[in-house]
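Visitor: Sequence:
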Amino acid sequence: MTGFWKVFGAAAIVVAVAVAIVGALALRTVDATVDAHLQRRVEAETELLAAAVLPGLRSGDASGLEAQVHALAARLPKDRLTVLDATGVVLADSHADARSMENHLDREEVQAALHDPHPLPIARTSHTLHEDMVYLALAVHDGEHLLGFARVAVPAADVRAERAELSTAVLLGAGLALLAGAAAGAVLAGSVRRPLRQMTGFVDAVARGDAPPRLPARSMGDLSGLADAINTMADQLAERFERIVRDQSEIRAILGAMVEGVLAVDSARRVVLLNAAACDTLGTTEEQARGKPVWEVTRLPEITELIERCLRTARPAWIEARLIGQPHDRVLRLAASPLADARGLFGCVLVLHDLSELRRLETVRRDFVVNVSHELKTPLTSLRGYLDAVLDDAALPDELQRRFLARARDATERLVAIVADLLTLARVEAEDSLPRHEPLDLRDLAVECAAAAADAAALRGAQVQLDLPGEPVPIAGDDSTLATAINNLLDNALKYGPAGGLVRLCVRREGEEALLEVEDRGPGIPEHEHERIWERFYRVDRSRGREPGGTGLGLSIVRNVAGAHGGRVSLDSEVGRGSTFRIHLPLRPASAPAVSS
1 MTGFWKVFGA
11 AAIVVAVAVA
21 IVGALALRTV
31 DATVDAHLQR
41 RVEAETELLA
51 AAVLPGLRSG
61 DASGLEAQVH
71 ALAARLPKDR
81 LTVLDATGVV
91 LADSHADARS
101 MENHLDREEV
111 QAALHDPHPL
121 PIARTSHTLH
131 EDMVYLALAV
141 HDGEHLLGFA
151 RVAVPAADVR
161 AERAELSTAV
171 LLGAGLALLA
181 GAAAGAVLAG
191 SVRRPLRQMT
201 GFVDAVARGD
211 APPRLPARSM
221 GDLSGLADAI
231 NTMADQLAER
241 FERIVRDQSE
251 IRAILGAMVE
261 GVLAVDSARR
271 VVLLNAAACD
281 TLGTTEEQAR
291 GKPVWEVTRL
301 PEITELIERC
311 LRTARPAWIE
321 ARLIGQPHDR
331 VLRLAASPLA
341 DARGLFGCVL
351 VLHDLSELRR
361 LETVRRDFVV
371 NVSHELKTPL
381 TSLRGYLDAV
391 LDDAALPDEL
401 QRRFLARARD
411 ATERLVAIVA
421 DLLTLARVEA
431 EDSLPRHEPL
441 DLRDLAVECA
451 AAAADAAALR
461 GAQVQLDLPG
471 EPVPIAGDDS
481 TLATAINNLL
491 DNALKYGPAG
501 GLVRLCVRRE
511 GEEALLEVED
521 RGPGIPEHEH
531 ERIWERFYRV
541 DRSRGREPGG
551 TGLGLSIVRN
561 VAGAHGGRVS
571 LDSEVGRGST
581 FRIHLPLRPA
591 SAPAVSS
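The sequence shown: position 467 = 467 (my numbering), numbered continuously.
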């Protein structure tokens, strides 16, 4: 019997504590329910009153307002209804003479309605009726214009009575629950043993996915064999849980590190897994997509069609699709594989390979080969033609021979210039041949390049004007490649600018950047050509590009040199007004050391 009373006492205490906790929570819930019911009640009545008196407040009909208020008060006999104008003057009241009442603008509920579109009820003593009331007032507007206030007051005694009635019911229920729990504890104490409770706790832990507790087999008596078996199962379950968690972490780490997007769906076409790359490609997040049908996650019809085909045929499938986007479309290779086990097909996994960069590089390579072939073919054809003319006609006059040989030399020089520019471009673009980063003053480079361009400017009767600041413009870079870029800009400005014109070379600071500008007074470049002008071999006017020395690679070299130095290029141009080419480079911090590669 001692064990019985221990078990019964423990059960009784547990029941008592549980009933006390539930009772306390229930009483709190009662208070919250009563308050919520009161708030809903006064809000509904106040909104009803506001809607009813809105026409009267618009028209200013005081007698009509009193009639409306008393008509509503007949339906709500316990509640007090009041209507005020915008200044707080009482226009109508269901429990008092409005004309004898003082101004109510300073009342707490009216001030709350004046400053809050959603005020809360306020409990206070009525100055008119000398009773405890719960007030709620709402401001009545006509558009942006305040017409007045509608106020409802509920007797606090009614609220207390409702709360007391519910609290009594809760306490009575708690008492009955305590008696029932004590009776149930007495019954359970006679039949339930400690081992069974421990085994129940073990099963509950397994059901929750927690690590199950080990059972003390020595104290189990006749159930020690069962306890040993359960402990062995607990060890195996713990090992399997650990392995599952580890495998899940590894899978998530692998999927998160993959460049390709991975999307998995179940047999109902609902998303069960997707990695960060797939989220980026499809423009969604894992939280938004998980559990949703795949056609709600993406509007790309190729994805849903491929998944349907894979699930229908239970065979791998692939397709290429184009994803419309900004600034460029993306080309995707979609590969779907079925997911199946011994029980059959249960889903499909889709891998999204982004082929956009590969396609772009293929296009660049193809265009480059075509352009190089075209650019080399013209001077080679000219060279062969002139040489054939000299070799095939021994009687060719000496003057004509010299002219042909001179033109052959010009063609050769053009070939040499194209090859030299191609080698320069390849060197700048090569990752293992990045320029040295030494401390430089951009003003010094500008002076050197302007001096080098002086002879070419003199031949055209042009002038190179330098515009330099008084303070240093420090950068980190390779002086030879930067000089090549500046010389290319000056060469283009002199070549396409008018004879006898002015070319301005300007260096200045702009924020955290060093800015170098080359401005000419040439024919200008149409706006739709501003992006393409930086491409290899691209010319706005191809007839002018055939001048000796023009390879079509200069601006591409400029852009790549700027990029290799962590900078960028830009262009301002207007047809007939000239062009301004800019190189933007990061300023070198005063404490930055020189770095060479």
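Honestly, the hints are just simulated from the structure, not real lab data. If you're wondering where the values come from, they're calculated on a predicted model, not measured in any experiment. Cβ coordinates follow ideal geometry from the N, Cα and C atoms, glycine included. Among the hints, erroneous ones may be present.
Unchecked claim - The following label-pair restraints were derived from C-beta to C-beta distances:
| hint | residue 1 | residue 2 | range |
| --- | --- | --- | --- |
| 1 | GLN39 | ALA268 | 28 to 34 Å |
| 2 | ASP572 | ARG330 | 16 to 22 Å |
| 3 | ARG568 | ARG384 | 50 to 56 Å |
| 4 | LEU171 | GLY64 | 48 to 54 Å |
| 5 | GLU286 | GLU510 | 40 to 46 Å |
| 6 | ALA268 | ARG299 | 31 to 37 Å |
| 7 | LEU129 | GLY291 | 31 to 37 Å |
Visitor: Now look at each hint and say whether the structure bears it out.
Guide: Results of checking the hints against the structure:
1. GLN39 / ALA268: 28 to 34 Å: violated (44 Å)
2. ASP572 / ARG330: 16 to 22 Å: Violated, since ASP572 and ARG330 (Cβ atoms, about 31 Å apart) do not stay within the stated range.
3. ARG568 / ARG384: 50 to 56 Å: Because 42 Å falls outside the window, the suggested range is violated.
4. LEU171 / GLY64: 48 to 54 Å: About 49 Å separates the Cβ atoms of LEU171 and GLY64, which means 48 to 54 Å holds.
5. GLU286 / GLU510: 40 to 46 Å: 42 Å Cβ-Cβ, so the 40 to 46 Å window holds.
6. ALA268 / ARG299: 31 to 37 Å: Cβ of ALA268 to Cβ of ARG299: about 19 Å, so the range 31 to 37 Å is violated.
7. LEU129 / GLY291: 31 to 37 Å: Given a distance of about 58 Å, which is not inside 31 to 37 Å, the answer is violated.
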